[in-house]
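Q: Residue numbers (the numbering used here), protein chains in the order written: chain A, 1 to 215; chain B, 1001 to 1215; chain C, 2001 to 2335; chain D, 3001 to 3335.
Don't read these hints as lab results, they were simulated from the structure.
Just so it is clear, the structure is predicted and the values come from calculations on it, not from any experiment.
Every residue gets a Cβ at the ideal spot worked out from N, C-alpha and C, and that includes glycine.
Be careful, since some hints might not be right.
[Claimed, not checked] Covered stretches of chain D, going by a simulated chain A footprint (3 or more residues, C-beta under 8 Å):
no. : stretch
1   : 3083 to 3092
2   : 3110 to 3124
3   : 3146 to 3153
4   : 3203 to 3209
[Stated by the list, open to error] Facing chain C, from chain B, some residues (calculated, C-beta under 10 Å):
no. : residue
5   : 1013
6   : 1036
7   : 1077
8   : 1119
9   : 1122
10  : 1172
11  : 1174
12  : 1182
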Amino acid sequence: MGLDITWAVDWVRRSAQVVSDHRIELITLDREIGDGDHGENMDRGFQAVLPKLDDLHAGSTPGDVLKLVATTLISTVGGAAGPLYGTAYLKAAVAAGDSVSLDGEAIAGILTAARDGIVLRGKAEPGDKTMVDAWTPAVDAATAAAADGADALGALEAAASAAWEGAAATEPLVARKGRASYLGERSAGHRDPGAESSALLLQAAADAAAASAGA
Amino acid sequence: MGLDITWAVDWVRRSAQVVSDHRIELITLDREIGDGDHGENMDRGFQAVLPKLDDLHAGSTPGDVLKLVATTLISTVGGAAGPLYGTAYLKAAVAAGDSVSLDGEAIAGILTAARDGIVLRGKAEPGDKTMVDAWTPAVDAATAAAADGADALGALEAAASAAWEGAAATEPLVARKGRASYLGERSAGHRDPGAESSALLLQAAADAAAASAGA
Amino acid sequence: MSVKKIINDPKRVVEESVAGFAAAHADLVRVETDPIHVVRADAPIAGKVGIVSGGGSGHEPLHAGFVGFGMLDAAVPGAVFTSPTPDPILAATKAVDGGAGVLHIVKNYTGDVLNFETAADLASVDGIDVRAVVTNDDVAVKDSLYTAGRRGVGGTVLVEKIAGAAAERGDSLDEVAEVAERVNANARSMGLALTPCIVPHAGEESFTLAEDEIEIGIGIHGEPGRERIKLEPADGLVDRLLAPILEDLPFESGDRVLLFVNGMGGSPLVELYIAYRRAAEVLGERGIEIARSLVGNYITSLEMQGMSITLLKLDDEMVELWDAPVQTAALRWGR
Amino acid sequence: MSVKKIINDPKRVVEESVAGFAAAHADLVRVETDPIHVVRADAPIAGKVGIVSGGGSGHEPLHAGFVGFGMLDAAVPGAVFTSPTPDPILAATKAVDGGAGVLHIVKNYTGDVLNFETAADLASVDGIDVRAVVTNDDVAVKDSLYTAGRRGVGGTVLVEKIAGAAAERGDSLDEVAEVAERVNANARSMGLALTPCIVPHAGEESFTLAEDEIEIGIGIHGEPGRERIKLEPADGLVDRLLAPILEDLPFESGDRVLLFVNGMGGSPLVELYIAYRRAAEVLGERGIEIARSLVGNYITSLEMQGMSITLLKLDDEMVELWDAPVQTAALRWGR
Ligand SMILES: Nc1ncnc2c1ncn2[C@@H]1O[C@H](COP(=O)(O)OP(=O)(O)O)[C@@H](O)[C@H]1O
Ligand SMILES: Nc1ncnc2c1ncn2[C@@H]1O[C@H](COP(=O)(O)OP(=O)(O)O)[C@@H](O)[C@H]1O
Ligand SMILES: [Mg+2]
Ligand SMILES: [Mg+2]
Ligand SMILES: [Mg+2]
Ligand SMILES: [Mg+2]
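Using the sequences plus the hints, can you model the full thing?
A: Here it is as structure tokens:
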């Protein structure tokens, strides 16, 4: 079963919810190796998206939702995460195109486009201790799952669980991009806040897919 | 036996010692109801007096020593205590005149002049929670002792013990002069730092007299 | 070293800091070290009234930061939070006397008043005409027989600027003293502290406050205030400072004022402007016109977090003198 | 409310503070609130290159305090410690474009660079000629492939003043950008913190330090530095900051420099001048001439206690532009 506009809207609502629930946690992670604003920034951004969902017209597609998220995050989040997530959602929207229903392969394509957008803007490589370290394993896992015939839910579940592993795996790393890189060796031993928020968002996508499959 | 130049010099040395020993205590008292500098100010002043004692010429009198203390305190202590103590020692020097030896009555006269000097400059009345509350009972006690025939040592011992009682008695008072008055009712429950230093100085005078009597 | 400060020997704080000030502002001032006083580079100026202020250190930029064209001719910094002794005040008075007399601007604290008094007595012996203006704008203190009188706080900065401009345009000693008195008489201030400060030689906090407590009615010497309350939002704090200020003079609808929001040293500017916003709102509601403003750290208590608000009821002459050029380390415009 | 600050709603700190700033400095700036940006009162000025800077709030007076004659045409304050989004940067860029193009002065942080980049792209679509100068003067960070590159810190203030003067005298966009690049290339900075700061919405200290510890090599975002050491006397601290600065450019005997001792927001001026004194001593020993100085809180991290030192190697043009009149809330001379 493909994922449609209902899923996309549900994903955004769940994203806003988890980011709000984990606001303090993300702030704390960012305080340790950054400047303590990541949770606040993400929360401000997703809270700004919520009311705009009501403006979606009748025939809106998942791509329209992704674009709405992209433009809102760009204009409300700020910091490094704003343009990076903004570009991710923008590229994802382009990849989603006009499709009204997304299967496993489409989901893998969308995640790949999102990750590529982050890399395009931020120039981070895997292992630099950034959100890329959550997205790259997520993309790989979703792509592999889709190739194995997984549906959209399966692809998102694979992505989410790989993102969590990726986020956890940032802990021992020494940062080479973003604010944490200023700390040098002292950045090791802490989880990257952007990788954590990425895992939260991908988990929200999977949860929304599960709910939509259950419905 | 009258008190001479040896006593006067010894008094100054002992004063410098006790002020230095009680520097932190005076700072702490002043921090509670003032601005935390009284111990530092008094210590700076008496440390400045010490080297000047060597410049006293052969025929110097107790009055010369008192004048030396006065001018040095005036030019090194600053704050409220500098001019007040400075005036006290200056008036005491005038009262001591050219005498080479001071008896009980002379001591009472000197202490009275000192106290009057403080009141002249500071306009404080007994009960205002200032150094006057140590000096006034001290003057009264010394005057009474001298009237009863006490010698200089006796007069100073009476003065010192009355000064201690006076200092202790400032604790419940609400300040009406000096920095502590800004606190209003909140100044009650703390000992006045200037009353404490006054008691220390008068005790040093008595101790020097005792040492000189014992010698 | 237990005190967390950028200092060397706690006993040499003032000496070294003044030396740094002298080096950084050699175009504006020269510094004499024995006894310590800071003098305008071109002092004495023949025929101009000299203006000397001073007091304990730890309130920077007050007073040395205000030495220069159009403001003070000399500043006399005492030890931290301790009034200077008469010697440097006398030396500064002599150094700036251009034959037209010297005005002492003295904040009303027992120590400052007594030490300046002695210096003035000594200066008159030397034939210098000295007048003193004692500032006492702090409404937190009751001005009664039962206190040492109101303290000189934020209003002092305004007195120094305006009297300095009057002296610079050539006013006589009487005239300069008169306008200084007038500014003081029309200025009212009150301050609060979120945190205490630490005097270098004392090495401990000047008072202790719980996480959620603040002191209302503090002075500038790190001394506690009249009242300790729970922290409130900024707007409520501003209202608490403004209410007694407004009713004291009183300030009334139609008055033109200078609104001075002053930081105690450790509060970020962002907070001072939040306070300014509310103060402007309250004055607007009351029909009081803010004709001039000053926002920043001008009279401080070391690293204390907090602020004070000063209102000065302006007349035309004060506005003209406020706007006149000034060129000092901390206040500068018009040249 | 657990955060001890003079604020109302932590989420409205920037909005309310900017409103207060606008009210206090209505003669210098106007403030647009949707999206928030601060614009020079007389912008746009036909034929003059517009200069826009911006970044997270909490560094005041940077940048809004530098909007006015001879410096910035607009400032774009983001949330506290968070780069602004492209919208207000774009709005500010449009507001100051007088037809001669607009220079963006951007501190090198991933977020600032990306958001300004997007705004510049959007502005070019609107036909505005935009150039960006990215400041990166912080020697505490290794400028290598393994970091996000050096941060823009104290040197940014100097770039803004000097580029602002160039624009004011009528230089072209290329010329203004060139001198801005030159200042950045000749400026080196390093900072330290005695205490962390507290971001209003975070409500906790940005890092924790023991009573006797300090952070060396901090930036301006309350982030920890490269190294944590025991507190030392001021002279040693200054030497620690100066050594890497001096060897990096390098600064050599015969060089003329501007020495900028900057407070992080919570350190008393008295300490900054003690640091200045030592810095001047060290430069003197090395035969480096201090031709200009700046001492004070100009680029801060909220209430953080600490300082940074910036050295700028001057050439004649830079000196001339530094001395040119400037009239802003935080830096003013010559008018
Ligand atoms: N160059 C980059 N590429 C990818 N991700 C990055 C890059 N720089 C920063 N990030 C991500 O952004 C997160 C920080 O976001 P945030 O705290 O909102 O912004 P800022 O660092 O500007 O305060 C980091 O945890 C990291 O995951
Ligand atoms: N008007 C006064 N008359 C008498 N003593 C006073 C007066 N004002 C202050 N004092 C004394 O001075 C002491 C404070 O001295 P000190 O701390 O050195 O000066 P400051 O108050 O200027 O910091 C007080 O404890 C009090 O005893
Ligand atoms: Mg961050
Ligand atoms: Mg005291
Ligand atoms: Mg004092
Ligand atoms: Mg940030």
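Q: State for each hint whether it applies.
A: Cross-check of the supplied hints:
1. Here's how the stretch 3083 to 3092 of chain D fares: 5 of its residues keep a CB closer than 8 Å to some CB of chain A, so the rule of at least three is met and the hint holds.
2. Interface restraint, the stretch 3110 to 3124 of chain D with chain A: holds (6 residues with C-beta to C-beta distance below 8 Å; minimum three).
3. Closer than 8 Å: that is the beta-carbon criterion, and the stretch 3146 to 3153 of chain D has 4 residues meeting it against chain A, so the requirement of 3 holds.
4. Here the stretch 3203 to 3209 of chain D counts 3 residues with a CB under 8 Å from a CB of chain A, which clears the bar of 3, and the coverage holds.
5. Checking residue 1013 (chain B) against chain C: minimum C-beta separation of about 21 Å lies over 10 Å; hint violated.
6. At about 4 Å, the closest approach between the beta carbon of residue 1036 (chain B) and any beta carbon in chain C falls short of 10 Å, and the interface hint on this residue holds.
7. A cut of 10 Å between beta carbons decides the hint on residue 1077 (chain B): the least distance to chain C is about 7 Å, and the hint holds.
8. Because the beta carbon of residue 1119 (chain B) sits about 13 Å from the nearest beta carbon in chain C, more than 10 Å, this interface hint is broken.
9. Interface restraint check for residue 1122 (chain B): the shortest CB-CB distance to chain C comes to about 7 Å, inside 10 Å, so the restraint holds.
10. With 10 Å as the threshold, the beta carbon of residue 1172 (chain B) stays out of range of chain C, its nearest partner Cβ sitting at about 16 Å, so the hint is violated.
11. Interface restraint check: residue 1174 (chain B) against chain C, minimum CB-CB distance 8 Å, threshold 10 Å, status holds.
12. With a cut of 10 Å, the hint placing residue 1182 (chain B) at the interface with chain C holds, because the nearest CB-to-CB distance is about 5 Å.
Hints 5, 8, 10, counting from the list given before, are not met by this structure.
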